[in-house]
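Chains as they are written, first to last, in this note's numbering: chain A, 1 to 367; chain B, 368 to 907.
Where hints are given, some of them may not hold.
Quick list of in silico lysine to any residue cross-link-like pairs, SDA-like style, CA-CA up to 25 Å [said to hold, decoys possible]:
#, chain 1, residue 1, chain 2, residue 2
1, A, LYS300, B, ARG666
2, B, LYS883, A, SER308
3, B, LYS441, B, VAL424
Simulated from the structure, these hints should not be mistaken for laboratory data.
Single-letter residue listing:
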Amino acid sequence: MRNVRNHFDLIVAGAGIAGITSAAAAASRGLKVALVSTGPGSFVLGAGCVEVQNTDQGLHLLDESMNFFRNLTTLAGCSFRGGIDEIRYVPTILGSFQTVSFAPFSIWNGAPEAAAQVAVVGFKGLSSFDANFVAERLAYHAAKLGKGSTYIAREIELSREEDTVAGTLQFGNRFDRDLSFRQELLAALKPIAAKASLIIMPGIFGLKSGQDKIEALESELGCLLCELPTLPPSIPGMRLFNRLEAYLRCSGVEFFTGFPIQKLEIENAHFTGVLLDAPARPLRLTADSVVLATGPFSSKLLGTSSFSVNSDLRPMESSGALIAGNLYAAGAILRNSSARGGNAMAILTGYASGMLAAGVGVQYAQR
Amino acid sequence: MEKTQVVIIGGGATGAGILWDLALRGIPAILLEQKDLANGATGRCHGLLHSGGRYVVKDSEAASECVSENKIIKHIAPHCVHDTGGLFVQCRQDDPAFFEQWFTACKKIGLPSEHLTADETLALEPNLSGDILGAFTCPDAHVDVFQLTLSNIESGVARGASFKTYAEVTAIDMDGGRVKGVRYRDTLTGEQDYIACEMVINAAGGWAEKVAELAGVEVPLRCDKGTLLIMNHRLSARVINRCRKPGDADILVPAGPVCILGTSSITVPGPEGLTVSPEEIQHLLDLGAELVPALAEARVLRIFSGVRPLYVPKAVSGAGGREISRGFALLDHESLHNVKGFVSIVGGKLTTYRRMAEAVVDLVSKKLGLDIPCTTHEVLLRQAHDEAALRKAHKLLPLPVVEKLDKRLGPNLAKIVSAIEARPELAEVVCECELVTRAELEYVLGTATSIPAKTINDVGRRTRLGFGPCQGTFCGYKAMLAGFQTHRWNAAEASEQFENYLDERWKGQSWINQGKQVEQLYLSHDLFGVAYNFHDQEGR
Numbered sequence: 001m002r003n004v005r006n007h008f009d010l011i012v013a014g015a016g017i018a019g020i021t022s023a024a025a026a027a028s029r030g031l032k033v034a035l036v037s038t039g040p041g042s043f044v045l046g047a048g049c050v051e052v053q054n055t056d057q058g059l060h061l062l063d064e065s066m067n068f069f070r071n072l073t074t075l076a077g078c079s080f081r082g083g084i085d086e087i088r089y090v091p092t093i094l095g096s097f098q099t100v101s102f103a104p105f106s107i108w109n110g111a112p113e114a115a116a117q118v119a120v121v122g123f124k125g126l127s128s129f130d131a132n133f134v135a136e137r138l139a140y141h142a143a144k145l146g147k148g149s150t151y152i153a154r155e156i157e158l159s160r161e162e163d164t165v166a167g168t169l170q171f172g173n174r175f176d177r178d179l180s181f182r183q184e185l186l187a188a189l190k191p192i193a194a195k196a197s198l199i200i201m202p203g204i205f206g207l208k209s210g211q212d213k214i215e216a217l218e219s220e221l222g223c224l225l226c227e228l229p230t231l232p233p234s235i236p237g238m239r240l241f242n243r244l245e246a247y248l249r250c251s252g253v254e255f256f257t258g259f260p261i262q263k264l265e266i267e268n269a270h271f272t273g274v275l276l277d278a279p280a281r282p283l284r285l286t287a288d289s290v291v292l293a294t295g296p297f298s299s300k301l302l303g304t305s306s307f308s309v310n311s312d313l314r315p316m317e318s319s320g321a322l323i324a325g326n327l328y329a330a331g332a333i334l335r336n337s338s339a340r341g342g343n344a345m346a347i348l349t350g351y352a353s354g355m356l357a358a359g360v361g362v363q364y365a366q367r
Numbered sequence: 368m369e370k371t372q373v374v375i376i377g378g379g380a381t382g383a384g385i386l387w388d389l390a391l392r393g394i395p396a397i398l399l400e401q402k403d404l405a406n407g408a409t410g411r412c413h414g415l416l417h418s419g420g421r422y423v424v425k426d427s428e429a430a431s432e433c434v435s436e437n438k439i440i441k442h443i444a445p446h447c448v449h450d451t452g453g454l455f456v457q458c459r460q461d462d463p464a465f466f467e468q469w470f471t472a473c474k475k476i477g478l479p480s481e482h483l484t485a486d487e488t489l490a491l492e493p494n495l496s497g498d499i500l501g502a503f504t505c506p507d508a509h510v511d512v513f514q515l516t517l518s519n520i521e522s523g524v525a526r527g528a529s530f531k532t533y534a535e536v537t538a539i540d541m542d543g544g545r546v547k548g549v550r551y552r553d554t555l556t557g558e559q560d561y562i563a564c565e566m567v568i569n570a571a572g573g574w575a576e577k578v579a580e581l582a583g584v585e586v587p588l589r590c591d592k593g594t595l596l597i598m599n600h601r602l603s604a605r606v607i608n609r610c611r612k613p614g615d616a617d618i619l620v621p622a623g624p625v626c627i628l629g630t631s632s633i634t635v636p637g638p639e640g641l642t643v644s645p646e647e648i649q650h651l652l653d654l655g656a657e658l659v660p661a662l663a664e665a666r667v668l669r670i671f672s673g674v675r676p677l678y679v680p681k682a683v684s685g686a687g688g689r690e691i692s693r694g695f696a697l698l699d700h701e702s703l704h705n706v707k708g709f710v711s712i713v714g715g716k717l718t719t720y721r722r723m724a725e726a727v728v729d730l731v732s733k734k735l736g737l738d739i740p741c742t743t744h745e746v747l748l749r750q751a752h753d754e755a756a757l758r759k760a761h762k763l764l765p766l767p768v769v770e771k772l773d774k775r776l777g778p779n780l781a782k783i784v785s786a787i788e789a790r791p792e793l794a795e796v797v798c799e800c801e802l803v804t805r806a807e808l809e810y811v812l813g814t815a816t817s818i819p820a821k822t823i824n825d826v827g828r829r830t831r832l833g834f835g836p837c838q839g840t841f842c843g844y845k846a847m848l849a850g851f852q853t854h855r856w857n858a859a860e861a862s863e864q865f866e867n868y869l870d871e872r873w874k875g876q877s878w879i880n881q882g883k884q885v886e887q888l889y890l891s892h893d894l895f896g897v898a899y900n901f902h903d904q905e906g907r
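Bound-form chain B, shown alone (with noise of 0.2 Å):
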């Protein structure tokens, strides 16, 4: 049995940005996440930085979160950041006077944004469509979901603070209407333990009702299921957002490599079992080729949906999807239901992360008595890297390597240099459409990372491994021997976790229903579908 002060429940996003705030803090926590970290909604979204654009007109407070909160993290994590810009591109079906509404808005809220003209605008993005009346700039930008997430965590780490995947809380242990600890299980091993604790946040995103439950409150949140589209090249340069009340398919983020598009707004049941019709599919993609009309000829990855936790409380509760706040909820269950020790924090977005944990953990340190003031505004996410290890690297791998792995590892750089001049074979490069080499891949897998890869998608959720166009088919294969070397896994586990990981793969591109990524997903299916007997379960 362990013991802390607060335990965290969810390690999206949120729930690491506590585990920071509270690690600065200086009060001990516990981050329990029931799967992998940045496994729920986090991971499941644009990965857009808003500049607050999207909601001006219609919800100027979590607008105006956004202005501060966008310049925030450019500033503690720029190596999350992809500072793009953004436009908000006024195409001529649009209503003119929503134009104007945007404009006046924007600088309502100190939102910096210039109109340019639509050559102008056309000089920047040549894929945008001819048609285009102009656009707005603004400071949106792409944020790597996966990083932000992790170094929030690592640096949390750094400072005394600890976490735990697959850990699915079962119980949360009262006594006397006060929380006492929290049960859970390892959902790998099936293990159970137990954390004895003076406080549990509950910043479970999707999953938050459920968690409530445990502490018999309910939590009323409306599961809002949106699907996104991974496209195999970049067609823009800026994130693209269609200047219109939002709505289907109107913002295009360039990610490194690719560009996601998205996203539909659906009402569904809860954040599990999400499914994609193919109407969806072609209504996205039919709506993002009037923004961009290389959209209807483009390639696509991979389609995954995620849900956004709506906090519904009774008086909004027949707004649909879009019309209920992007603002967070704080929710204190002692005032609320007399429950002592358990706050929930639902609701929100990504860009506004680090503004919720800053008021859970001031609500919370208030409860213990403590008065220390929040940093996390100011405290760079990350330590700089190592200038040495840098120039190592150099002369080691090829120059994008370098950067992607500088970007992804910072100070860290120095474990990859080192394991690479003591095994040379180690700059080998085994995921090539995100460049990953086999020492990034040892790294993760190993001991001495402190939020090591439990299975395959977890060194995907690190490394970016297998997220290219084969779609881990040929470095999936190479990510599992190399668990099995590292003893990550013996041989039953490491093929049990590859065929857990095809499949994973699998789903993502089983709604797509045409072009060359159908072609690669047999390819894929040919390659294993064979050896693992998918058809005749009995054989294996």
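With the rest of the complex left out, here is chain A (with noise of 0.2 Å):
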């Protein structure tokens, strides 16, 4: 019984770096991929950096995995800089600088060695937010690591619609949707950026803008800018997100979101579907095969505690037996609770198991 409408190539479940990954892959090779999910994953918390270590496995997929997603970002107009090889210091709400090889170009503008004048810049009212605080230790953290820009913290006040308070998303949503909004915070950062080669501040430029706004307010200005994710939800993370989705649909791409998975159905070792806990009653689709890319705390989906995964990315039973013949998993499921893979694993067994899953012959594990 095959409900063409609700059939697919592939089901991807979880919207995270993984399965967004995983699902381009597949969409790339030709497949109808359905992506299901809870929501944006691991998006919201942070802004998608890209840290390449510990990446023990499937090294010599890391090359291809990275330039899958790089590509995949410069065409959803978000694109990341960077390289396997690469090791940049970027800065952090708490003052401090996080080694990254990927991030997003907004991001990786912050490195010091960007720019020798840097105005931290903070907005009057966001209190999650103390630009004074961030550039005192950035400028600590910026000696201790031998460069010799400066950090000036600076204060700018922005309009406020009726009744809200100032906060990120609304800041955010204001960027998307106002151009009178985005004047006014260019006015705002005019003679700052006059004094400044860099500016960095909380993350606002949109949810869902491209990186094309960024740019011409960078331009506008004759300065970089630097955003960071303040405490959740991320900005950047968010609109990564949007703009990853926006492009898959645009592709193909299905999505099922804000649909809890009820059950996977697994018959003889094979993979047949998913019932998902939709309004009202349960959705049901089914596919050819499955990349499970349901975070950390997901493995109960496969009815264990714990799992290893063959060569192809395919989760066993203890005995070495597959769970499902057509059933791979990616991201951060794979880690056990002490390993540290982040972004890099997920973008990694992302692109493999979406590869996979379209019949193409790469090899997570090497023999």
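Take each chain as given, in its own frame, and dock them per the hints.
This is the structure we're talking about:
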């Protein structure tokens, strides 16, 4: 009994970096893909920065998968900078530097070598960010890294819509839809940009705006912009998700968002479909194969608390038998509680699983 | 160098109670605490204001003490007490003879109790196991241990007493067998100082043995570890006890929005470096679920341990933790060891802290040649709140915030109200679980309070900030910024404060091995772990 409308070549479960990359890889090979998720995964927490380290497996695929991901972000209008051999220090809201290999361009900009004169800008009323604190700590850490950049703190005031508080979500939303807000921001930043070659500020450059809008702001200011993800939700992370989602939709990927997986249907070691906890009645989707990219706390979907995968990312029972021949795992569901693979592993396994599901003979682990 | 009459060592409930009692009797005193107020066993217990039911069968003296102190605390410190009432639940698998014994013993010491049928009990507490036989009522209550300790200190200070936190006593200075003073070290700045005094009271709880050694005397203590689990929801309206011989995990205390299950009883070498095993946690949860089945599925927010500092005179040193009396011992080292001017107060329990303080201060005043009666049983611990300020607060803040503020701050609410009137942005709620406003945050970090917070954890003990599900991941960061903005810390200190705070918060969650709180912990790690380079200490 196959409902054509609800049948796919591949179901990807989970819309974090791993799931998105997996769906994109499979779609690029012509697969009809459904992406089911409860929400935008870990995108709401961070900015999507990638640190290539502790990825002990699949290193031969690293270059290929990172290139794929970088290409994807460029096509989606939210391009990444960096490379697998690069190490760059980018600022955090604690005023420290975090090492990354790949990052959205607006974060990549924040490295201390990028500029000599840096202004850290806070917004009046935004209580969860303090420009003085961040500037003072960045100056300290930059000096420790032997970088000569100087950091000054500045505060600007942005108008608020009636009955709203100053919050990155409100500002980000207005950045997207309100030209006068962007002009106001430009006017407020202009005098600061006159004396700085880089401005670091809390991320408010829209929840879905393309990088062209940020670049336009940069060129009008004549200065680089670096945005910091603040306490969740992270505006840069949500923008990245929204851009990638929009791009994948255009590429034919169907999204089923907001529905937890009720059941994974596996018969005789063969995956047949998923039951989604949709309003009114469960929604059943079927597919030829499935990628589980459901995050670090989701192995119970497989009816087990821990599992291992074979060389092509297919989960095995402790006996070594495959749980299902057409089931792959990607992203943080693979990490045991102590390992840290982060986004690099998510991109790597996401790419590999999507390719494998499309029948492209990549191998995750070398035999 | 300072000079006073009495130095108290230990800033738990007992030490704080002693400071207040001395202040009421007009005896000059300084309290020294090595960390923050209520940091030891006081801040690591159930927060149960015992009715006496727990001890009534085996230790009627301790039970009688509880009966009277329960009434007194409810009278003098209503702002610290949530008078929930309690139940002693009869489980099918427990000894029916004990039920009889329990009820008879209560009658004998005047502990008010009534019997409820199973249906009546379940109507009151639907989360109890449907399999119970019935229950007895009792006047158990929840007491906010932090507020209780802070109120004693604050009231003492208002009457001229003083205290120092993060002041570790390094030596007790003696001359001819008589105490002359104490040396202490500020553990935050490293500075050393000296206080000259006539008497030293050792109220150091689990650390009392160590303090006594400074005076060259032996105080034999048994450190008995109790582990407690804080659950995300309040699963009962009343304190739930299991009606049987005291054992593990047979008390569930509703504490504001959460509830606390405990405890275990394991002898440990000392009050520091406590660890919890996964087996211990599972054991507590399994036992707790016999009483309240929902505990099996509930989310554990945090796990912590404290030690009961039990006094073990040589005669009973072979007994197990639960066999040793919960009564307290007042040790006059002049008559015991010929050390003049030094007394220790050990054992006892939170519920009887006031009586312990009374006993010590009676002895101390006698030794000082004074004859002033104790009045801590009748003088209210806090002045009435300011009605006008309360009315204004209702206009400025949401009702639940005002209710919490009123309980926490009483008359000091007026200061919060005027701060918000001057700067409306201070009305922002910074900790959404415990409803802490920015105004209150700045107040406890500032100099307008007599008990300022020196660390972010201190802020928690004063306001309950960070005690909810996020465990400080969001509000701790904001508290750090507030400390920076109010000049409590410079940027480097603020950053270090936050790192220490996260470390402490993570420690309390690290024993939890499953469920939603693990996800919460990962979130916290993902947000801040990288920034602090916890995996690469060089980069920091």
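Against the structure, the hints:
Restraint check for LYS300/A and ARG666/B: satisfied, since their Cα atoms lie roughly 17 Å apart, inside the 25 Å limit. Annotation: proposed proximity of LYS883/B to SER308/A holds, straight-line Cα distance about 23 Å (limit 25 Å). This hinted pair checks out: LYS441/B and VAL424/B have alpha carbons roughly 24 Å apart, not beyond 25 Å.
Going through the hint list in order, the structure satisfies each hint without exception.
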